[in-house]
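Using the hints, position chain A against chain L.
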Amino acid sequence: MCGIVGLFLKDKSLEPKLGDLLTDMLITMTDRGPDSAGIAIYGDEANGKMKLTVQSDTPELDFVGLDDALSKALGASVSVLVRSTHAVLNIPADSVARVRDIITDLRPGIRVMSRGETLEIYKEVGLPKDVADRFGLANMHGTHGIGHTRMATESAVTTMGAHPFNTGDDQCLVHNGSLSNHNSLRRKLRREGIHIETENDTEVGAAYLTWKMREGASLGEALESSLDDLDGFFTFVVGTKDGFGVVRDPIACKPAVMAETAQYVAFGSEYRALVNLPGIETARVWEPEPATVYFWSHTTAPTTTEKAA
Amino acid sequence: MQTIDMAKVSLRDMNKALHAQAATTNQTTWEIVNPKGSHAIACGLDAPIDVTVRGSTGYYCAGMNQQATINIDGSAGPGVAENMMSGKVVIEGDASQYAGATGHGGLLVIKGNASSRCGISMKGIDIVVHGNIGHMSAFMAQSGNLVVCGDAGDALGDSCYEARLFVRGNVKSLGADCEKKEMRPEHIELLTLLLEQAGCDAKPEEFTRYGSARNLYNFDIDNAAAY
Numbered sequence: 001m002c003g004i005v006g007l008f009l010k011d012k013s014l015e016p017k018l019g020d021l022l023t024d025m026l027i028t029m030t031d032r033g034p035d036s037a038g039i040a041i042y043g044d045e046a047n048g049k050m051k052l053t054v055q056s057d058t059p060e061l062d063f064v065g066l067d068d069a070l071s072k073a074l075g076a077s078v079s080v081l082v083r084s085t086h087a088v089l090n091i092p093a094d095s096v097a098r099v100r101d102i103i104t105d106l107r108p109g110i111r112v113m114s115r116g117e118t119l120e121i122y123k124e125v126g127l128p129k130d131v132a133d134r135f136g137l138a139n140m141h142g143t144h145g146i147g148h149t150r151m152a153t154e155s156a157v158t159t160m161g162a163h164p165f166n167t168g169d170d171q172c173l174v175h176n177g178s179l180s181n182h183n184s185l186r187r188k189l190r191r192e193g194i195h196i197e198t199e200n201d202t203e204v205g206a207a208y209l210t211w212k213m214r215e216g217a218s219l220g221e222a223l224e225s226s227l228d229d230l231d232g233f234f235t236f237v238v239g240t241k242d243g244f245g246v247v248r249d250p251i252a253c254k255p256a257v258m259a260e261t262a263q264y265v266a267f268g269s270e271y272r273a274l275v276n277l278p279g280i281e282t283a284r285v286w287e288p289e290p291a292t293v294y295f296w297s298h299t300t301a302p303t304t305t306e307k308a309a
Numbered sequence: 001m002q003t004i005d006m007a008k009v010s011l012r013d014m015n016k017a018l019h020a021q022a023a024t025t026n027q028t029t030w031e032i033v034n035p036k037g038s039h040a041i042a043c044g045l046d047a048p049i050d051v052t053v054r055g056s057t058g059y060y061c062a063g064m065n066q067q068a069t070i071n072i073d074g075s076a077g078p079g080v081a082e083n084m085m086s087g088k089v090v091i092e093g094d095a096s097q098y099a100g101a102t103g104h105g106g107l108l109v110i111k112g113n114a115s116s117r118c119g120i121s122m123k124g125i126d127i128v129v130h131g132n133i134g135h136m137s138a139f140m141a142q143s144g145n146l147v148v149c150g151d152a153g154d155a156l157g158d159s160c161y162e163a164r165l166f167v168r169g170n171v172k173s174l175g176a177d178c179e180k181k182e183m184r185p186e187h188i189e190l191l192t193l194l195l196e197q198a199g200c201d202a203k204p205e206e207f208t209r210y211g212s213a214r215n216l217y218n219f220d221i222d223n224a225a226a227y
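Taken in order, these protein sequences are the chains called L and A.
Under my numbering, think of the first position of the first sequence as 1, with each following residue one higher.
Under my numbering, think of the first position of the second sequence as 1, with each following residue one higher.
Next up, chain A with everything else stripped away, as it sits in the complex:
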């Protein structure tokens, strides 16, 4: 295992070492110690390596991730796994605002709570939150799955497109054009898989599905006076 101590190695050099790993690397396991809330840790990785960050991180940890599996043994600051393409990011603690924003693929697991705007404009990423999520989550969410084992804050799924939202607890309020939907067998199947991948023992049957009512897809002439 390779260990990088951020008390000794600069952020830039640390990221450079991780970026230098190709698909064929034999240095597949990395540990980063003393992160002390630094920004952009393990950002822009593109190799099938395992990285564990021992401690809490600042802005944009694991942003733009491809292929890599990144574990944060602590809590994550704003924008964790923002625009992730593939791979897996697991946060042992809580995540701050806009976790997984604009993500195209991969799996983001938050074992604690996520703050506001979780999964905002998500485009194919899967996000599983063991705890609660804050307000305006999945705003303009386009595709992918957001699974919340706890409660959701205000305005869930506002102006969302085709992302699937699953919430086990209470939803404080739904955003514009977001509605409760039927749980069909294919959703139970999907949820079973996601919960298993996220190491969560919640039962798929306990969740409610939400998604777009698709009323904002087309302009309604009766609203012309509003503009």
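So here's chain L without its partners, still in its complex pose:
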């Protein structure tokens, strides 16, 4: 069992409250997933640069002087904003691969959580409330965000096993369910050259989407083909730079509730997660259909694609 929450804002006036609203939703889902928690938040633009969110188990060692060390090695200015065990690096847009190499070399204890122009991912082991407090989630602002509370079934309770997973620039995935063909799929994806770090089933789901998109599929197409290629139970919520999407497997036993008003589109594993949102009493509340890919975007009209049987 796990809990998922998601909030996509249509009304800009709610943007300063995004972190606050998401934190309340996330903590409500504690009894669906008390072992770890994480959030992906789409916040400020990096102004032509790239944001690399990184994590260290020993931030007091790894993050000290990191900005100077990276700037010197890269020959360009890098700024570092530390939040507990995580840090957001502001780096030149074309330097992601080099910065990764430099980090591996200089500070091998640092792991990359996410990359993107607006996306930041924060996740740790612990109760959702403690994880939210540690990163100051309630004070964050942004256009949309996705949160996850984890009750591990398929692999160890570790930071890297927590959700969300980064699947590409500004893209992330959270999962409720369990994939049963993740071992064979992991072998296949590794042969294709996709980097997979853990024995976690969801990371394989994320890597699958990364691979599909590397092969030219859009995120929507990748999600649709996941309905054929992933065996098991899943409700996925994905984030992109300008929107978010939802897909459930054809059996759809993992719960999902959505609510929409003129101000937002919200997702919760249970209705409980949505009860404190503004205007929920008059919101359109419904359950997303099985084997159907839903998308909401700030730039295009919402889409609903039912997969052909």
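Read the hints as simulated data drawn from the structure, not as lab findings.
Watch out, some of these pointers could steer you wrong.
Pairs of lysine-lysine, DSSO-like flavour, derived with a Cα cap of 27 Å [stated by the list, open to error]:
#1 K123/A <-> K254/L
#2 K241/L <-> K212/L
#3 K10/L <-> K72/L
#4 K254/L <-> K172/A
#5 K36/A <-> K16/A
#6 K307/L <-> K254/L
#7 K203/A <-> K172/A
#8 K49/L <-> K72/L
#9 K181/A <-> K203/A
#10 K212/L <-> K49/L
#11 K181/A <-> K123/A
#12 K212/L <-> K254/L
#13 K172/A <-> K307/L
#14 K129/L <-> K254/L
#15 K36/A <-> K17/L
#16 K307/L <-> K188/L
#17 K241/L <-> K17/L
#18 K10/L <-> K203/A
#19 K254/L <-> K241/L
#20 K181/A <-> K129/L
#21 K36/A <-> K254/L
#22 K36/A <-> K123/A
#23 K129/L <-> K8/A
#24 K36/A <-> K111/A
#25 K254/L <-> K111/A
#26 K111/A <-> K123/A
#27 K172/A <-> K123/A
Structure of chain A alone, referenced to chain L:
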């Protein structure tokens, strides 16, 4: 009328107060406010009382109900009225998956739509859905009646036994061993009664009956190679 505010009273204490009502209680009308999607509201009641929940509920509301009439003035989460024995549960909004699952008796009325697996393994309950139902509904349904005024999703009545399924709209697909059946006068009579009890003005003649083809009841030796 007794009112319980779940913003002030814990779930456990609320259910305890309802469980304490005997057949002879004079506190026959209850209202529960601020449910906020909580789980197991008004679960396991066994007294002829009226309970109205003002708002939407989480998992297993009105589960195992006996005698009581429970109204949900909102939508219901998964497993509403699961294993109901008797009494009546009415949902003004929609119901999530496996509404009325394994129910032995009583009447479940869903005024909106029901999600997947509605009436799964039903064993005598009557379920009337004013709207549509999702996939795998009435899977292994043993007895009782499922009435759907709208459409049914995929695999309706898969591996069902003797439950009667009535659908007014389209059925996306029938499950294994479920077939269309003739509407006889006794079915019209039954349907008329159920629709009336459920406050639904649909005409019984507009419905199609489905039920077990009874081909799975006995082992077919020609299928031996499949095992």
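Q | Distance restraint between K181/A and K123/A, which requires alpha-carbon spacing of 27 Å or less | A | Given pair K181/A, K123/A holds - Cα atoms ~20 Å apart, limit 27 Å.
(Q) For a C-alpha distance cap of 27 Å, please report whether K10/L and K203/A respect it. (A) violated (43 Å)
Q) Can the restraint linking K307/L and K188/L be considered satisfied, given a maximum Cα separation of 27 Å? A) Status holds; Cα separation ~25 Å.
**Q.** Given hint K172/A paired with K203/A - CA-CA distance at most 27 Å
**A.** holds (21 Å)
Q. Would the pair K172/A and K307/L pass a check requiring their Cα atoms to be no farther apart than 27 Å?
A. holds (15 Å)
Q.
Can you confirm whether the C-alpha distance between K212/L and K254/L stays at or below 27 Å?
A. Answer holds: K212/L to K254/L is near 24 Å, not above 27 Å.
Q.
Hint check: K49/L vs K72/L, CA-CA at most 27 Å. Holds or violated?
A. holds (17 Å)
Q. Taken at face value, is the distance from the CA of K111/A to the CA of K254/L at most 27 Å?
A. Between K254/L and K111/A the Cα gap is close to 24 Å, so the pair holds against 27 Å.
Q) Are K254/L and K172/A close enough, with their CA atoms no more than 27 Å apart? A) Status holds; Cα separation ~22 Å.
Q: Take a quick look at whether K254/L and K241/L sit within 27 Å of each other, Cα to Cα.
A: holds (26 Å)
Q. Is the Cα-Cα distance between K241/L and K17/L 27 Å or less?
A. Between K241/L and K17/L the Cα gap is close to 19 Å, so the pair holds against 27 Å.
Q: Given the hint that K129/L pairs with K254/L, test it: the Cα-Cα distance must not exceed 27 Å.
A: holds (23 Å)
When each numbered hint is compared with the structure, violations occur for hints 3, 18, 20, 22.
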